[in-house]
Amino acid sequence: MSLLPHLGHGIGLRPPHYPRVADGTARVDWFEVIAENFMIPGGRPLRVLEQARTLAPVVLHGVSMNLGGSDPLNERHLGELERLIGRFEPAWVSEHLCWGAYGRYYAHDLLPLPYTDEALAHVADRIRHVQERLGRRILIENVSSYLTFTHSTMPEWTFLAGVAEAADCGILLDVNNVYVSAMNHGFSPHAYLAGLPPDRIGQIHLAGHSDAGTHLVDTHDHPVPSPVWDLYADAVRRFGPIATLVEWDDRIPAFEELVAEAERARAIEAEVLGARRQLA
Amino acid sequence: MPVASLREVQKRFWDSLAGAAGIVAPELADAVVSGTTLGSRARLGIYADAYASRLIDVLREDFPRVAALLGDHRFEHLAREYLARHPSEHPSVRHLGHGMAPFLERRSDVPRFVAELASLEWARVEVFDAPDATPLAMDHLRAIDARDWPHLHFVPVSALRLVRASWPVHELWAGADPARLAPATTVIRVWRDASGAAYHAPLDARAAEVLRLLIAGAPFVIACEAFTDRTPLEAAQAITALLARWIEDGIIARIG
Numbered sequence: 001m002s003l004l005p006h007l008g009h010g011i012g013l014r015p016p017h018y019p020r021v022a023d024g025t026a027r028v029d030w031f032e033v034i035a036e037n038f039m040i041p042g043g044r045p046l047r048v049l050e051q052a053r054t055l056a057p058v059v060l061h062g063v064s065m066n067l068g069g070s071d072p073l074n075e076r077h078l079g080e081l082e083r084l085i086g087r088f089e090p091a092w093v094s095e096h097l098c099w100g101a102y103g104r105y106y107a108h109d110l111l112p113l114p115y116t117d118e119a120l121a122h123v124a125d126r127i128r129h130v131q132e133r134l135g136r137r138i139l140i141e142n143v144s145s146y147l148t149f150t151h152s153t154m155p156e157w158t159f160l161a162g163v164a165e166a167a168d169c170g171i172l173l174d175v176n177n178v179y180v181s182a183m184n185h186g187f188s189p190h191a192y193l194a195g196l197p198p199d200r201i202g203q204i205h206l207a208g209h210s211d212a213g214t215h216l217v218d219t220h221d222h223p224v225p226s227p228v229w230d231l232y233a234d235a236v237r238r239f240g241p242i243a244t245l246v247e248w249d250d251r252i253p254a255f256e257e258l259v260a261e262a263e264r265a266r267a268i269e270a271e272v273l274g275a276r277r278q279l280a
Numbered sequence: 001m002p003v004a005s006l007r008e009v010q011k012r013f014w015d016s017l018a019g020a021a022g023i024v025a026p027e028l029a030d031a032v033v034s035g036t037t038l039g040s041r042a043r044l045g046i047y048a049d050a051y052a053s054r055l056i057d058v059l060r061e062d063f064p065r066v067a068a069l070l071g072d073h074r075f076e077h078l079a080r081e082y083l084a085r086h087p088s089e090h091p092s093v094r095h096l097g098h099g100m101a102p103f104l105e106r107r108s109d110v111p112r113f114v115a116e117l118a119s120l121e122w123a124r125v126e127v128f129d130a131p132d133a134t135p136l137a138m139d140h141l142r143a144i145d146a147r148d149w150p151h152l153h154f155v156p157v158s159a160l161r162l163v164r165a166s167w168p169v170h171e172l173w174a175g176a177d178p179a180r181l182a183p184a185t186t187v188i189r190v191w192r193d194a195s196g197a198a199y200h201a202p203l204d205a206r207a208a209e210v211l212r213l214l215i216a217g218a219p220f221v222i223a224c225e226a227f228t229d230r231t232p233l234e235a236a237q238a239i240t241a242l243l244a245r246w247i248e249d250g251i252i253a254r255i256g
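First to last, the protein sequences are chains A and D.
Just so you know, we're using the working numbering here: the first sequence kicks off at 1 and counts up by one.
Just so you know, we're using the working numbering here: the second sequence kicks off at 1 and counts up by one.
Isolated chain A, as found in the complex:
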C-alpha cells in the first residue's frame, strides 16, 4: 500500500512546455515543478502554475533545502515554501537527501553525505523540523552520487531507510539515481530496492543519464534507458503501484515525447501488476 495517492504517471513541468499549459493542451496525469523556480514575486511562471493546477494535480519538488547541510536550516526559505504550499496546494512536497550549502553559500548541486549515524540523526532531526513547520509529511529523494566516503558505516539504502524511519517521512525513490549510483559505486541496484521499506515509498522518479566513460552522470537529458526501465519494473514488483514521474531537464523534447515516456511507465506498471495478479 502506497504512502500517498497514486496520481498516475506524470511529468516534470519545465518552461519549454509552459505554452501547452497556457493553452490547456498539456494532458497528463500530474505535474511536478521545482519549488525554487516559483519562489518569485510575480510573472508568467506563477500564472502558468495556476493554470497547471486546473489541468492536473501539482507536486512541489525542492532542490535547495540543504537538509543534510551543517548550516542552520534557512527559515526564510522554508517560509517561502510555506507560502507556495498555501497558494498552490500541492498534492505533496519533496526534497533531496543531500546537502547543497555551506557558510550561507549555495552550490546549487545535490552533494553526497557520509552514511554515518551522525549524519542520519542530523538529517532526520532537520526533516522533523521541516515537517513540523510545514505541517505535513514530506518525501526525501535519493540522489545520484559520484563518490562515497571512507567513514560511511552503512550502505546508502540503509541510510535512506533509517532517515525515513527516524524522521517519519516518505521516500521519493529515484530509480535512475539508484542505477547511476549503483554503476558508479559497484553495488546491486536490486539490493538497494530490497533494502527499502515499501510502506514509505510515496513517489518514483524516472529520468535519463549520460555515460562519461569512467562513470554515469545524472544529466536528465536523454530518454529513460533500458536498464532504468528494468529497474522500474522491479520497483513496481516490490512496491506496487506508486505515483511515477518522468524528469527531463536538458535538451527537453516535445511535450508528446515526454508524455510518451510517462505512458511507457504506465504500460510497464500495468504489465508488472497484471503478471503479479496472475501469479496470485
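For the record, the hints were derived by calculation from the structure and aren't laboratory data.
Treat the hints with caution; some may be incorrect.
A short, non-exhaustive set of chain A residues, derived as facing chain D with CB atoms under 8 Å [claimed, not checked]:
hint, residue
1, T25
2, E36
3, W99
4, Y106
5, A107
6, L111
7, H122
8, R137
9, T150
10, R237
Backbone N, C-alpha and C fix where the C-beta goes; we use that ideal spot for every residue, glycine too.
Following the hints, position chain D against chain A.
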C-alpha cells in the same frame, strides 16, 4: 585517525568546489573512496567541474548578449572570477547574477559598455518575475477631469526598470558592432508585457525625466517640469502622449 565531523567534511568539500581551482585538502581526498576507474581526487573533481559549469551556464543564460560580445572563453574566465567573489547566497539560482554588472564595471580590463549591457540584461531578468500588477486602461485616462490632472500620481508597475548608460547599449543588445558605436548618454526603460515577456526601449531625455519623476512619486504637475521650455498646454499634451504610450505598454499600474 579520528573521523571528521559532518561540518568538517562539508567545509573541506565546499572549499574544493568554490575555493581555488583544483585544490583539495589531503584530509578530504583521504575521506573519499578511490575506485578502479576513478581516484578520490577525480571523483571530487566531478563535483568541482559540475559546480563551475552549472553556474557559468546560469550566468550565460542571464547575460546572453554579454557572453556573445565577450566570446565564450573570455566570458567563462570572467564568470569564474565572478563566482569566486560572489558565490550564490540564495536558495534560488535566479539571484546569482545580481552583482555581475557592478563586478564588470569595477574591472579596468572590461569596456564600460559591457558592464552597461550587463545592467540592461539584468534589468530584463528582474522585470521577468517582478510583482504582478493590473495595468491601467486607457479608459481611466479619458475619464479624468481636467482640473484633477495636476495633482494626480501615475504609479508605475513594479515590473519596470530604468537603465542609465553612457553607451547606446540597446543597440549592442540588438547586435550592433561596438566598434561602430560612439558613447552616448542613454536611458532605457525595461518592462514586462501582459504575456510575461521582457521588453526594453530607449527614452529621450525628456521622457526619461518624466518617468524618473513618476517612479519617484512626483505628481503630474511636477512631471510637467521636464517641459519647462514649452507652454503649459504643450507640456501637458506631450506628457499625456507619453502616458498614453506607457499605458498601452502596460507600465502604469494606477492613479494615486
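Verification of the supplied hints:
Restraint check, T25 of chain A versus chain D: the minimum CB separation of about 17 Å is more than 8 Å; hint violated. Satisfaction of the interface hint for E36 of chain A is found here, the shortest Cβ-Cβ separation to chain D being roughly 4 Å, below the 8 Å cut-off. For W99 of chain A, the interface hint holds, the least distance from its beta-carbon to any beta-carbon of chain D being 6 Å, beneath 8 Å. The beta carbon of Y106 of chain A is positioned within 8 Å of a beta carbon in chain D (closest approach about 4 Å), and the interface hint is therefore held.
Hint status for A107 of chain A: holds, given a least beta-carbon distance of 6 Å to chain D, under 8 Å. Evaluation of the L111 of chain A hint against chain D yields a held restraint, the C-beta minimum of about 7 Å falling below 8 Å. Hint status for H122 of chain A relative to chain D: holds, with the closest Cβ pair at about 6 Å, below 8 Å. The closest approach between the C-beta of R137 of chain A and any C-beta of chain D is roughly 21 Å, which is over the 8 Å cut-off, so the hint fails.
Evaluation of the T150 of chain A hint against chain D yields a held restraint, the C-beta minimum of about 6 Å falling below 8 Å. The interface hint given for R237 of chain A is broken, as the beta carbon of that residue sits about 30 Å from the closest beta carbon of chain D, more than 8 Å.
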